[in-house]
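Enquirer: These protein sequences, in sequence, are chains A and B.
For the first sequence, the working numbering assigns the number 1 to the initial residue and increments by one for each residue that follows.
For the second sequence, the working numbering assigns the number 1001 to the initial residue and increments by one for each residue that follows.
Hints are supplied without guarantee of correctness; some may be wrong.
Said to hold, decoys possible - Stretch-level coverage of chain B by chain A, calculated; a stretch enters the list once three of its residues show a Cβ under 8 angstroms from a Cβ in chain A:
#	stretch
1	1025-1035
2	1038-1049
3	1122-1130
4	1133-1139
As the list claims (entries may be wrong) - A few chain A residues that don't get close to chain B, going by computed Cβ distances all over 10 angstroms:
#	residue
5	R110
6	V170
7	D299
No lab work stands behind these hints: they were computed from the structure.
From the three backbone atoms N, C-alpha and C, an ideal C-beta is built for every residue, glycine too.
2 protein chains.
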Amino acid sequence: MTADALLPAEAAPRALRRARDAVVPATRAFLARLDDTSAAIAAYHLGWTDAAGAPIRNGGGKAVRPALATLSAQAAGAPAQVGIPGAVAVELVHNFSLVHDDVMDGDTERRHRPTVWAVWGSTSAILTGDALLALAQEVLLDSTSPHRAAAARLLAEATRHLIRGQVQDVAFERREDVTVAECLEMVSGKTGALLSASAAIGAVLAGATPEVVDALSTFGAQLGIAFQLVDDLLGIWGDPEVTGKPVFSDLRSHKKSLPVTYALTHGGRPGRELAAWLASADPTGPDPTGVARAAELIDAAGGRDWAAAEAHRRISAATHALASVPLLSGPREELIAIAHFIVAREA
Amino acid sequence: MTADALLPAEAAPRALRRARDAVVPATRAFLARLDDTSAAIAAYHLGWTDAAGAPIRNGGGKAVRPALATLSAQAAGAPAQVGIPGAVAVELVHNFSLVHDDVMDGDTERRHRPTVWAVWGSTSAILTGDALLALAQEVLLDSTSPHRAAAARLLAEATRHLIRGQVQDVAFERREDVTVAECLEMVSGKTGALLSASAAIGAVLAGATPEVVDALSTFGAQLGIAFQLVDDLLGIWGDPEVTGKPVFSDLRSHKKSLPVTYALTHGGRPGRELAAWLASADPTGPDPTGVARAAELIDAAGGRDWAAAEAHRRISAATHALASVPLLSGPREELIAIAHFIVAREA
């Protein structure tokens, strides 16, 4: 019997749903502080409304970060409510980074819908992202927790690491010699930093010990790397119907994701053929034969197996971190269920 | 004898120089936390280095906001040192907004030098701005003041108002019927909010009473409007040699600044002729005769006199606010000297 079998299959979706139900009204109340334009654009980006402002039922993302933040408070022995400002704040920072990323990458579609800049232009997208980042701090600093300053500091530092990761990602696009270690470091910033903060911020707001905060932080950091590995696998082999992205989307844009980097640096002949394809093929062209062949090469070079195995290793490390400190067992089991859910997801 | 004559002419430049000397090393220490790329771009933008990273002696801006922040702490009876985290933070937020503004406006030059996006591209400019905004919060939350959370909250709220002002500014560009009152409200956000926070944040860090904080905040808010009025006048009639901007620069870009808005809405025949010119002339074309004529029309319509008088009225209101609360007289006189310096400046 594996660890997975001990967890009811519904535990993660239920925890995510619960977090979303709690965090959406709280987020809505804070968005009302923004100017009408930024608030409307944010509501669209969050999946709550269409571009004309009409409400969408059951819209919105998976709420992984809010779920981690509220469970983090609960695991430290506090009510979920104590983690809500953290949950709202990490979700705002996550969405700030998505809105700006789409401008920088020139991506016109996200979650089957046009991106913010594609609808309103890049000026509005930059301003809306800025507003979400500033608002995230306000949410935390308005909380009644005596530990709000520590929570705000944690989030500001995580934002700095997130940006560092994005800067590295941009720099790597122009380099041919990126190692797997460098790529993992970039991912630790770009994806790991905010998931780490999400998993720790509830405990910080609850006044947990440094040991508990550190363990939850490590859990989130490892989970973040697993999350990105799965994202990278889905970016190549994900079902377009489920992911909402074109087939082989990351290969079309020549993205040097983790499986690609592994294949290029460990992949022998298929790796060298992949490098030649990346150097020659036009990233903007359609070339469906070329990208299918590139996907085969990554697989043959071991990039696909390595990424899947590495994701599982990171989930083990994440789970292991939680075993070292006293945490309430119910919330801890739910955190672990979310970790397993993340590696098993299809979109 | 006017109030101006009571102030030694050197008081403001001396206070600004002192603030810059204190804030530059502190800012440098915090910028070292950023990734190397963002730190280098920020050092260039702040005027400390050239685009290749070589140091520039005596570079950098006027340090109005840092001077307000340190004097704010001193006026409330604390050492200047208490205001330094506030001074660094407001300067970082100011520069975040400049870097993003230049991307959004497509401006290729600032302070006689190419803008960040013009040198490194808009992706790096967006990321550097994001990094400066996040870092500003970290600076405050790392301070040893027991009031750091209140100071961080003040700055986050000011950033929200600043962004609201920028959103209004963008919206006004597409409207023909903006009133002077709407324009003043936009300026209260875009320029007033951060100057208001700058003038109050030192007192907040010093643990001053709400009355003292409110008075300093009003001082900064009124000063901000005066600052923008003078900026708008310099944008039309400033000496290109001193401002570093082309002659009539704001008219070339058809910017609906305060003097223009006044002329359009109060200016009778010259105002109507100005409206016709704005509706017909190509904003991207050179047309030196047209812009010179537009400047004459604004003057004839009373826009120039009104803006200059309004700036003085705002400085009076700012000074008046400081008279209502107990403040240390030396720092208060320096705050007033800076206010007068701002309306008298030529760049």
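Enquirer: Does each hint fit the structure? Answer for all of them.
Expert: Hint-by-hint comparison with the structure:
1. 1025-1035: With 3 residues close enough to chain A, the hint holds.
2. 1038-1049: violated (count 1)
3. 1122-1130: Contact hint for the stretch 1122-1130 of chain B vs chain A: holds, 7 residues under 8 angstroms.
4. 1133-1139: Since 5 is at least three, the answer is holds.
5. R110: 17 angstroms, holds
6. V170: 6 angstroms, violated
7. D299: For A/D299, whose nearest Cβ neighbour in chain B is about 31 angstroms away, the distance exceeds 10 angstroms, so it holds.
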